[in-house]
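Student: Listed below are the residues making up each chain.
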Amino acid sequence: MTESESPILSLCSLSKRFFARQSLLGRLSGESARFVHALNGINLDIYRGEMLGVMGESGCEKSTLARCLVRLLDPDEGTVLFEGQDIGALKGAKKRAFNRRVQMIFQDPYSSLNPRMTVRQILREALSVHRIRPKDQIDARIYELLDTVRLPRDAADRYPREFSGGQRQRIGIARALSVEPEILIADELVSALDVSVQAQVINLLLQLQNDLNLTIIFVAHDLRLVRHISHRVAVMYLGQLVERRRKNCSPCPSIRMRRHRSTPPRISIPPTASAGPRRAVSFPAPSTFRRAAPSTRAAPSQQKNAARSLPR
Amino acid sequence: MSDTTAAPLAPEETGPQDQPNGEKVAEATSRKTRRLSPALLGGAFILICSLVLAFFPSAFAPCDPNAFDYNALLQAPSAAHLFGTDNFGRDMLSRVIHAYTVDMQIAVFATVVPTIVGTLIGAFVGYVGGITESIFGRIVDATITFPFLVLVIAIVSVLGPGLINMYIAVGIIDWVFYGRLTLTEIKVQKRLDYAAAGQVMGYRPSRIVFRHLLPNSMTPAFVYWMTDMALCILLGSSLGYLGLGAQPPAAEWGVLIADGKNFMTSAWWISVFPDIAIVFTGLDFSLLGDGITELLRTKQ
Numbered sequence: 000m001t002e003s004e005s006p007i008l009s010l011c012s013l014s015k016r017f018f019a020r021q022s023l024l025g026r027l028s029g030e031s032a033r034f035v036h037a038l039n040g041i042n043l044d045i046y047r048g049e050m051l052g053v054m055g056e057s058g059c060e061k062s063t064l065a066r067c068l069v070r071l072l073d074p075d076e077g078t079v080l081f082e083g084q085d086i087g088a089l090k091g092a093k094k095r096a097f098n099r100r101v102q103m104i105f106q107d108p109y110s111s112l113n114p115r116m117t118v119r120q121i122l123r124e125a126l127s128v129h130r131i132r133p134k135d136q137i138d139a140r141i142y143e144l145l146d147t148v149r150l151p152r153d154a155a156d157r158y159p160r161e162f163s164g165g166q167r168q169r170i171g172i173a174r175a176l177s178v179e180p181e182i183l184i185a186d187e188l189v190s191a192l193d194v195s196v197q198a199q200v201i202n203l204l205l206q207l208q209n210d211l212n213l214t215i216i217f218v219a220h221d222l223r224l225v226r227h228i229s230h231r232v233a234v235m236y237l238g239q240l241v242e243r244r245r246k247n248c249s250p251c252p253s254i255r256m257r258r259h260r261s262t263p264p265r266i267s268i269p270p271t272a273s274a275g276p277r278r279a280v281s282f283p284a285p286s287t288f289r290r291a292a293p294s295t296r297a298a299p300s301q302q303k304n305a306a307r308s309l310p311r
Numbered sequence: 000m001s002d003t004t005a006a007p008l009a010p011e012e013t014g015p016q017d018q019p020n021g022e023k024v025a026e027a028t029s030r031k032t033r034r035l036s037p038a039l040l041g042g043a044f045i046l047i048c049s050l051v052l053a054f055f056p057s058a059f060a061p062c063d064p065n066a067f068d069y070n071a072l073l074q075a076p077s078a079a080h081l082f083g084t085d086n087f088g089r090d091m092l093s094r095v096i097h098a099y100t101v102d103m104q105i106a107v108f109a110t111v112v113p114t115i116v117g118t119l120i121g122a123f124v125g126y127v128g129g130i131t132e133s134i135f136g137r138i139v140d141a142t143i144t145f146p147f148l149v150l151v152i153a154i155v156s157v158l159g160p161g162l163i164n165m166y167i168a169v170g171i172i173d174w175v176f177y178g179r180l181t182l183t184e185i186k187v188q189k190r191l192d193y194a195a196a197g198q199v200m201g202y203r204p205s206r207i208v209f210r211h212l213l214p215n216s217m218t219p220a221f222v223y224w225m226t227d228m229a230l231c232i233l234l235g236s237s238l239g240y241l242g243l244g245a246q247p248p249a250a251e252w253g254v255l256i257a258d259g260k261n262f263m264t265s266a267w268w269i270s271v272f273p274d275i276a277i278v279f280t281g282l283d284f285s286l287l288g289d290g291i292t293e294l295l296r297t298k299q
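Taken in sequence, the protein lines are chains A and B. For the first sequence, numbering that gives the first Met the number 0 assigns the number 0 to the initial residue and increments by one for each residue that follows. For the second sequence, numbering that gives the first Met the number 0 assigns the number 0 to the initial residue and increments by one for each residue that follows.
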């Protein structure tokens with residue numbers, strides 16, 4: 000994971016806008032379309048074998064970023080390069096290979112699994128579509144995967160509804176791992192889970208990264224979690240990357256250095272078990288800085304000023 | 000959200016402790032799903048009886064449904080003729096039983112094609128969305144503004160009376176309803192993460208629609224199908240009554256009711272027994288629909 004190595008995934012000034020629905024009258028009168036600048040000029044390199052934490056407050060479009068990386072969304076500007084190739088231009092066999100090598104685990108363990116398919120069917124589909132194993136070895140591989148994510152083997156013939164949230168999230172991990180990916184994007188992997196189960200899933204992920212040498216992009220809004228597991232942290236704020244730090248050089252920049260104005264209030268949020276005077280927390284509503292921030296519906300001229308007001 | 004309060008992770012604290020617990024819960028829920036509802040069992044029982052009557056009417060009917068008996072005109076229900084006789088002395092019980100063949104046929108033939116075609120079109124339109132959906136929406140609007148019966152009568156009067164033409168007329172209109180039901184359901188399902196997971200896996204759109212979205216979107220269309228079979232029997236009876244559906248002397252419930260309308264005050268049994276058969280069959284399909292809804296509902 001040295002910096003001199005070429006990045007496996009690199010984002011070049013990635014931008015994504017979501018347009019508000021426009022009335023026919025507005026369209027006819029030539030009113031310009033209103034949009035939200037969901038991602039705004041994101042540059043980021045991701046290196047083989049690292050655990051990159053992407054964090055930011057709710058609504059800062061972390062998930063949009065994650066979805067752009069696997070082509071669930073196409074960016075309006077900029078490119079995502081996977082080993083130097085623009086993923087937007089991939090077609091046919093190359094696209095399938097890309098899909099195999101870059102996988103995603105979803106936030107909601109309840110909607111991310113097809114409720115009408117058993118675990119075996121879910122895994123078999125992935126294995127057979129990508130021809131990962133010959134037919135007669137598929138079942139063996141399914142059991143291997145269940146072992147990997149520490150689910151009992153008899154889970155194979157059950158439906159997703161029969162599992163708890165944590166177990167379902169492991170099925171999601173098994174599905175993603177089934178095609179033997181190199182990059183795993185975990186979008187709020189544990190935010191829907193109970194705290195005690197979070198730890199188990201996170202530790203599973205850490206171990207998998209160790210064993211399989213995965214590159215993991217871990218999207219979360221939990222500062223402590225990201226600090227605990229990431230090699231590098233990227234902080235997003237309203238569609239922009241405001242900080243990128245290696246954890247080792249300056250341990251957890253956002254937490255120690257408090258450079259960005261959105262940072263201080265959030266640090267004080269997670270209450271700890273230690274006894275001591277509680278600090279009063281005032282958390283400014285996103286709308287209060289949204290007015291000045293670049294990713295709002297502001298006109299382009301205003302956006303320039305707003306960008307300058309972001310602390311660097 | 001509980002995660003903002005996450006305690007620092009201690010790797011040694013974790014392990015597979017939660018698993019036994021989770022599995023116990025799992026087994027309890029899976030056992031619960033096996034039970035069949037009384038509505039479904041009752042509906043299935045009546046349906047099987049109806050189908051037996053429909054396939055082998057002669058085995059159950061005591062007389063020839065079309066044999067005239069001028070010695071027994073307009074007889075009230077009695078031991079010899081349980082449902083009485085009509086103005087030609089035909090045995091009403093036999094005619095009602097033979098009508099099962101025609102009416103069950105109407106229920107199935109009139110609805111099968113629109114169900115399949117409508118569901119497929121709805122799935123396609125729902126997945127593609129965009130302008131296709133707008134066009135489909137206008138077709139739906141144009142169709143449902145007319146009363147169903149009026150449209151069917153209009154088409155049948157162009158094509159000519161008869162059962163086949165009635166199937167065609169129903170088919171032309173009815174698919175729209177299935178299409179609309181499936182469309183809305185597919186639109187909900189395709190936003191869910193498992194559809195996105197299929198895309199991330201690189202599955203073809205056809206696989207995502209048929210293997211993933213459609214099985215989760217078919218329930219409303221399937222349940223509507225049950226109701227629709229009952230509606231089509233009523234429609235067939237209405238057309239039969241108007242002389243546009245099954246042609247006399249064929250025994251069909253609507254035709255039988257029409258036959259009896261002139262004798263309502265003197266011989267109520269001619270119209271009432273076919274009526275009861277229609278109500279019974281309609282009730283049966285409703286029960287089946289209810290039972291199947293319950294059976295197909297995914298438990299989260």
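Don't read these hints as lab results, they were simulated from the structure. We put the CB at the ideal spot given by N, CA and C, even for glycine. Hints may contain errors.
Claimed, not checked - Label pairs and their calculated CB-CB ranges:
1. A/156 / B/48: 53 to 61 angstroms
2. B/190 / A/21: 17 to 25 angstroms
3. A/27 / B/111: 24 to 32 angstroms
4. B/131 / A/120: 58 to 66 angstroms
5. A/211 / B/147: 14 to 22 angstroms
6. B/111 / A/143: 19 to 27 angstroms
7. B/137 / A/21: 14 to 22 angstroms
8. A/120 / B/263: 57 to 65 angstroms
9. A/22 / B/263: 53 to 61 angstroms
10. B/159 / A/18: 50 to 58 angstroms
Student: What hint numbers does the structure not satisfy?
Tutor: Per hint list: 1, 3, 4, 5 and 6 violated.
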